[in-house]
Amino acid sequence: MKKLFLIDGNSFCYRAFYAIANLSASNGQPTNAVYGFVVMLNKIIKDQKPDYIVASFDRKEPTFRHKKFDGYKIHRKPMPDELVSQLPIIKSVLEAYRVPVFELAGFEADDILATIVKKCRQRDDLEIYIATGDKDALALVDSRTFVYSPNNFNGDFIYDQQAVKEKFGVLPCQMVELMALMGDASDNIPGVPGIGPKTASSLITEFSSVENLLNNIDMVKRESTRELLKKNTELLNLSRELAQLDADVPIDFAVEDLKIKNPDQNKLYSLFKELEFKKLLKGLAPDTAVQEDVNYILVDTDEKFDKLLKSIAGLTEFALDFETTGTDPMQAVPVGVSFCYKPKEAYYVPVKKIDGIFKKLKPILENEKIGKVGQNIKYEILILKNQGIELKGVIFDTMVASYLLNPSKSNHNLEDIAFEYLDYRMNPVIEDLLGKGKSAITMDQVDVDKVCRYCCQDSDITMRLKNVLSVQLQEKGLYELFFNIELPLVYVLAQIEYAGVRIDTGYLAKMSTRLKKDLDNLTARIYEIAGGEFNINSPKQLSAILFDKLKLRVVKKTKTGVSTDESVLQVLAAEHALPDAILQYRQLFKLKSTYVDALPELVNKKTDRLHASFNQTVTATGRLSSSEPNLQNIPVKTDIGRQIRGAFISKGKQNRILSADYSQVELRILAHISGDSDMIEAFKSRRDIHTHTASLIYNVKEEDVDSKMRSSAKTVNFGIIYGMSPYGLSKDLRISVEEATIFIDAYFARYPKVKAYMQDSIEAARSKGFVTTLMDRRRWIPEINSLNVNIRQFAERTAINTPIQGSAADLIKIAMININSQLRKKNMKTSMILQVHDELVFDVPEEETKEATALIRDLMEHAIELKVPVEASLKIGENWLDMREIK
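So that you can map any letter, position 341 of the sequence shown is 341 in the numbering used here, and since no number is skipped, the others follow by simple counting.
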């Protein structure tokens, strides 16, 4: 039997729209429904393998049902504007898939599907599947007609006659009769008031149809039901007419017109690219990829290598790319390197094939006059540092350039940016060579010809991207930011990572033992409170204890059940001892597993240091992040969390750890950007900004501000930066929304220029599509014009916060570059070893303490001149925890 699939377009659109939240292209166009629709369509084509396929849609115009009953679908909410804007795109997608689409004014998609079913049933070689979430279609089910119901969580479900009978208690051909009796709230089909699904099902089982029921109404056993039917006969007949599908819609087609065809790959390619569906693009057939004649040359003899060296020694610039045995540059072993200095031509040199390769490369790689181009060139800098080579003359990093052009993108790997800017699909990609998961191999195990193709492609595409991205940076006013801040920072981060930080593993071992003891005691206490043992780390088992056994109130539900997350436990902690104990347990457990036990495992066995990765191209604000470990997440608000810092120690007894932390830098930047005279004056006169703010809001003298007032003012000061609403402030301060509103109004009355700045930022984002920092860093915010209120409000908060956060990022990056430059210039042994939030951490020889302190303080406080003084707080000690302040 051949398969015909009928797609209820509107049903699929709604399902996709609500299944995927907040997905949009960088131009602000919502794309969640389109993406979900394509995923479901692909699943049908792949899994069900239909021979014929067709789709139908509703139209805006009223149908014959509206004319019969004014109340038809009257309670149904209008289609969300974000979904309306996606309908034409979805139809374009179907056109690219070459799926026929039917729609006709005056009729619903269901009627069109019923008409197609009626005609196609004449073919006895067809099985018909109606893909919909609408129960109206169940009336069409018979021995060769089925309803296919897509489901993301429990797997797709196919309704046959038996499944319909089991679910609704009637045969498919009786579904219209059932709906007529019980009504349908979604379409506002009235039914008979007072008759529900059970009564309706039993009546149809006994009388078969509405007509037969009305003809034998006196045989209905229950008097109340009998009276309801007699009273609402007219309404019942109307309901049946409304529920009945029209299988005679005037559409013209032949069954063979519905035969499935190969998609138009070029159209799909263009659509998916415009919609930024990268994952879907990768699944397209290879004919959408750019197929090119390239000249990738294997340099596997000393003679060939010497010839290549002569060529690149005379160049002004070239791209290079290393292949290694791993992703950690402090442990990876070089396998080979490629060079490219003209498009579509590159050279690959396997390391093992050339005697003394690094000695021969050193003069060229350390020659500042020859420009080097790379993708994530920090990796190459570190690889070469471990070979005794200082890579000099770096003039471009394509990953960093891509990041500056669109910092909100989730990644900036070569495969993605080549596709975005060159319309080029990388082939092969890394998985083609190494495989995935447990069976993955390392690059030194791959055939040299395959590595040659892969590595040459990388340097070739990197060189081509450099030319395209350079123009883009200039056009968007990002050229100076790139060359004066971000590119020099690459070297600084490489040096921080290379230096690493010493970890006191013995200190952590003792801490781990203490934490285990504390966790054991907490576990015993939890079991005692709960009245029995259970898996504390199992949300399901915890849920059973809290809500089934202890009968605590349900605060929040998720798709998988009742929530036991931190916010829920904090609420319940006021009502019962167990949630508070669980919160304590989770805090200690995370601390132990994520940091105390994990940090020693990250220490490099060769260097005996921890070499964290500092990521320059991750956060949308311009801030740096770190991984392996995530230093930003080391808790500092609790005593036990702060103790982890005690494990970060200097490299020797004659050295100290020096911390330099910007003081209230975001508020100082807010004062500068907003130009608020009162806030500027407070900082200039070195007043405590939170005490000053409290005195203004509460209308008292600064000396009369108590700790509670100052704390509230501090919450408002920092909350304003993040666009905090009265509701958010009310939760933080545990006051009413009305009180919070008064608080915020009082704040803006005292700092009017701050409110003006916030409004101006939102308007600038609306008109230009982006906001900028002090150093002209851009963040594009297309969501600022979203039709979705939640998305738009989040975008407005982003527009307020990004110039402040991003300027703080600019400030510390400039400070890092200047400090690093001066330390090198003065040949000092002080080394920058960590960057966390607004803090820089150094390893300082005792004899350099005075000079290093003065240099670091001066360069941090004068990185960017603001209208207010910038202050850095410096501390020093034997570790990152036990430190004294340097005045």
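Incorrect hints may have been included.
Label-pair ranges, simulated between beta-carbon atoms [to be verified]: (1) Val571 <-> Glu702: 52 to 58 angstroms; (2) Glu475 <-> Thr316: 21 to 27 angstroms; (3) Gly437 <-> Arg686: 55 to 61 angstroms; (4) Lys279 <-> Gly437: 34 to 40 angstroms; (5) Val554 <-> Ile441: 46 to 52 angstroms.
Simulated from the structure, these hints should not be mistaken for lab results. Note that CB positions come from ideal geometry on N, CA and C, so glycine has one too.
message = Taking the earlier hints as the rules, which of them does this structure contradict?
response = 1 and 4
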